[in-house]
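Asks: Chains as they are written, first to last, in the working numbering: chain A, 744 to 1081; chain G, 744 to 1081.
Honestly, the hints are just simulated from the structure, not real lab data. Treat the hints with care, since some could be wrong.
Pairs involving identical chains hold if they fit within one copy or between any two copies, as the list cannot separate such chains.
[Unchecked claim] Straight-line alpha carbon distances no greater than 35 Å define the calculated DSBU-like cross-link-like pairs of lysine-lysine that follow:
{"hint": "1", "residue 1": "Lys942", "residue 2": "Lys887"}
{"hint": "2", "residue 1": "Lys814", "residue 2": "Lys1014"}
{"hint": "3", "residue 1": "Lys887", "residue 2": "Lys1014"}
{"hint": "4", "residue 1": "Lys1007", "residue 2": "Lys814"}
{"hint": "5", "residue 1": "Lys1007", "residue 2": "Lys1075"}
{"hint": "6", "residue 1": "Lys942", "residue 2": "Lys1007"}
{"hint": "7", "residue 1": "Lys1075", "residue 2": "Lys1014"}
Protein chains: 2
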Amino acid sequence: MAETRQWRLESRPVGEPTHENFELVTVDRPDPGPNEVLVETLYQSVDPYMRGRMRDAESYAEPWDVGDPMKAGVVGEVLESNADAFEAGDVVTGELNWAEHAVADAGELRRVNPDHGPISTALGVLGMPGVTAYWGLNDVGNPKPGDTVVVSAAAGAVGSVVGQLARLGGARVVGTAGSEEKIDWLTDDLGFDAAINYKETDDLSAAIDDACPDGVDVYFDNVGGPITDAVWPRLNVDARIAICGQIALYNATEVPTGPRKLAKLIESRAKVEGFLVSDYEHRWGEALERLSTFIRNDDLRYRENIVDGFENAPDAFLGLFEGENAGKQLVKVGEYDG
Amino acid sequence: MAETRQWRLESRPVGEPTHENFELVTVDRPDPGPNEVLVETLYQSVDPYMRGRMRDAESYAEPWDVGDPMKAGVVGEVLESNADAFEAGDVVTGELNWAEHAVADAGELRRVNPDHGPISTALGVLGMPGVTAYWGLNDVGNPKPGDTVVVSAAAGAVGSVVGQLARLGGARVVGTAGSEEKIDWLTDDLGFDAAINYKETDDLSAAIDDACPDGVDVYFDNVGGPITDAVWPRLNVDARIAICGQIALYNATEVPTGPRKLAKLIESRAKVEGFLVSDYEHRWGEALERLSTFIRNDDLRYRENIVDGFENAPDAFLGLFEGENAGKQLVKVGEYDG
Chain A
744 MAETRQWRLE
754 SRPVGEPTHE
764 NFELVTVDRP
774 DPGPNEVLVE
784 TLYQSVDPYM
794 RGRMRDAESY
804 AEPWDVGDPM
814 KAGVVGEVLE
824 SNADAFEAGD
834 VVTGELNWAE
844 HAVADAGELR
854 RVNPDHGPIS
864 TALGVLGMPG
874 VTAYWGLNDV
884 GNPKPGDTVV
894 VSAAAGAVGS
904 VVGQLARLGG
914 ARVVGTAGSE
924 EKIDWLTDDL
934 GFDAAINYKE
944 TDDLSAAIDD
954 ACPDGVDVYF
964 DNVGGPITDA
974 VWPRLNVDAR
984 IAICGQIALY
994 NATEVPTGPR
1004 KLAKLIESRA
1014 KVEGFLVSDY
1024 EHRWGEALER
1034 LSTFIRNDDL
1044 RYRENIVDGF
1054 ENAPDAFLGL
1064 FEGENAGKQL
1074 VKVGEYDG
Chain G
744 MAETRQWRLE
754 SRPVGEPTHE
764 NFELVTVDRP
774 DPGPNEVLVE
784 TLYQSVDPYM
794 RGRMRDAESY
804 AEPWDVGDPM
814 KAGVVGEVLE
824 SNADAFEAGD
834 VVTGELNWAE
844 HAVADAGELR
854 RVNPDHGPIS
864 TALGVLGMPG
874 VTAYWGLNDV
884 GNPKPGDTVV
894 VSAAAGAVGS
904 VVGQLARLGG
914 ARVVGTAGSE
924 EKIDWLTDDL
934 GFDAAINYKE
944 TDDLSAAIDD
954 ACPDGVDVYF
964 DNVGGPITDA
974 VWPRLNVDAR
984 IAICGQIALY
994 NATEVPTGPR
1004 KLAKLIESRA
1014 KVEGFLVSDY
1024 EHRWGEALER
1034 LSTFIRNDDL
1044 RYRENIVDGF
1054 ENAPDAFLGL
1064 FEGENAGKQL
1074 VKVGEYDG
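Next up, chain A with everything else stripped away, as it sits in the complex (with noise of 0.2 Å):
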């Protein structure tokens, strides 16, 4: 019987996720029941939030058992299908096993049309994290033309989406990222307004003010901690303030604590809100469109940055916290040849 291998959470991190968290093992490739379909993987994402499924901690997803495959966004050639609306030779797209073959319900699978770009846009920017960055700064930010918009984790997946919307959309942009190169990428690439390094930054709260020299009436969160403290006392009056993440903060393993923020809301009239892209379900086709036309244009560009081969995708989540990755982090799996 074919094989396949799949990695499973081995025990649940304390702090910072290590090797050890993880176990690759190899088992029978799973047959499709009714309405089911085999899925080859070829491209599985690595996200920040699945730092908060290896916590047994109850949060708006489920938490992943130990022992058990850990899931994840994939994209797939169905190899066998029981359903009437997938065929052999489909690419396909879901949240399926981190594994080299997954079965899956035909109901969880989206179709990915290979005529639209590269396959694995559909875990980046033409996925969740591009969806994510679309609602998030157009329904939750809500920035006006000539606004100043800040970004923290702008060389990331979801922040170089919302830059660049925001950009388009006539605002200033501002992003923060980890390294000279990303810098450089956001503000000569991107067009960025400016870009803060943070790790090489001595003053943040200054670096903010240079950037913002009419305050921040938007800031899209992806982070966090310090680098979320040093934007505050810079929001303007009506300012709104999104939060997608706050990864600063997943690995604590006591409850962080920083400076109290709530009270510049009184005086700013400001509005902070959290999200999920989840929420969005309904309207991912037209956040989806929007962004496939800015890319025919060359206003919208994203990276991807791509391990090869399954047994690295432990290397691949944990460089995430690192801040190694530009773009879309991606492993790859297996070859599409379509």
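Use these hints to put chain G onto chain A, whose structure you have.
Replies: Okay, now just chain G, sitting in the frame of chain A:
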């Protein structure tokens, strides 16, 4: 020439304000100029926001200058008028000096109708605190019938109105306050479903859990600090948090720190919004009409804590930070004979 007394800012407080920050001076009673009115103070308000104006820092309101008379909400009687809109004997309200007499431009005054109730209510339930409660709850908090609404400083001038309005709207209402006498008032007279004496509670989180078995949908925050920390983990999906005040932090001499709170907003998709009643200037009358109707029908109750004598105004103000007042804290300065 007739004289009057004023309280002036003698020095800026460091931490908790003390009597040494206030100076009582006797000056010539001012003469009204063109379109101005001489007002005799009958009641003077003291409010937590005044702590911010004693500070030499930019905020939503100009700081007071050392050596100048401080400003307060006042209800008074017109003694002399050079304005068409007012005549001697009229009762008016506005932001005037901490003084027994003051001159004001007619445009800064609002008429008080003594037939609508005790004139002191123009500084409380039918004034700034009542309007703050009305629009902060209804426009920012926006509770639905069946929601759980938590309000901090629930026995205060704003909080007591917030809780009753929420109850009238069909919400489950939980308040926090700092004495058993206040707790009894909230639950026995004002119809709160539960009230927590934060000074006598070892485990505030457990107390909030007990009082809010279905979580918290709306949190109206007057206080900040540990009470807010205890409410935060109980926020439901789509919760709204209206930030009205943060009195627990106003006397801090260093940047107050506490648990970082933004990650919870992602999971709960909750919205935190600061507001100022001055932004509702154009909707003041709408709030007053509703509030006075509720009062006439005995659906809305209020308390005033009146300190007698202008010389005791600093005492009344300092008491705000001790949590001494239930309901609206006022200073009675003159006798109304109307």
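Asks: Hint by hint, say whether it matches the structure.
Replies: Tested hints:
1. Taking CA atoms no more than 35 Å apart as the test, Lys942 paired with Lys887 passes inside one copy only; the shortest distance there is 30 Å, against 46 Å between copies.
2. For the homomeric pair Lys814 and Lys1014, the shortest alpha-carbon distances inside one copy (33 Å) and between copies (29 Å) are both at most 35 Å.
3. Taking the shortest alpha-carbon separations for Lys887 and Lys1014, both the intra-copy value of 15 Å and the inter-copy value of 20 Å come in at or below 35 Å.
4. For the homomeric pair Lys1007 and Lys814, the shortest alpha-carbon distance between copies (23 Å) is at most 35 Å, but the shortest distance inside one copy (39 Å) is not.
5. For the identical chains of this complex, Lys1007 and Lys1075 are inter-copy neighbours only, at 33 Å across copies versus 45 Å inside a copy, given an alpha-carbon limit of 35 Å.
6. Taking the shortest alpha-carbon separations for Lys942 and Lys1007, both the intra-copy value of 26 Å and the inter-copy value of 26 Å come in at or below 35 Å.
7. In this assembly of identical chains, Lys1075 and Lys1014 lie within 35 Å of each other by CA distance neither inside one copy nor across copies; the values are 40 Å within and 38 Å between.
Taken one by one, the earlier hints fail for this structure only at number 7.
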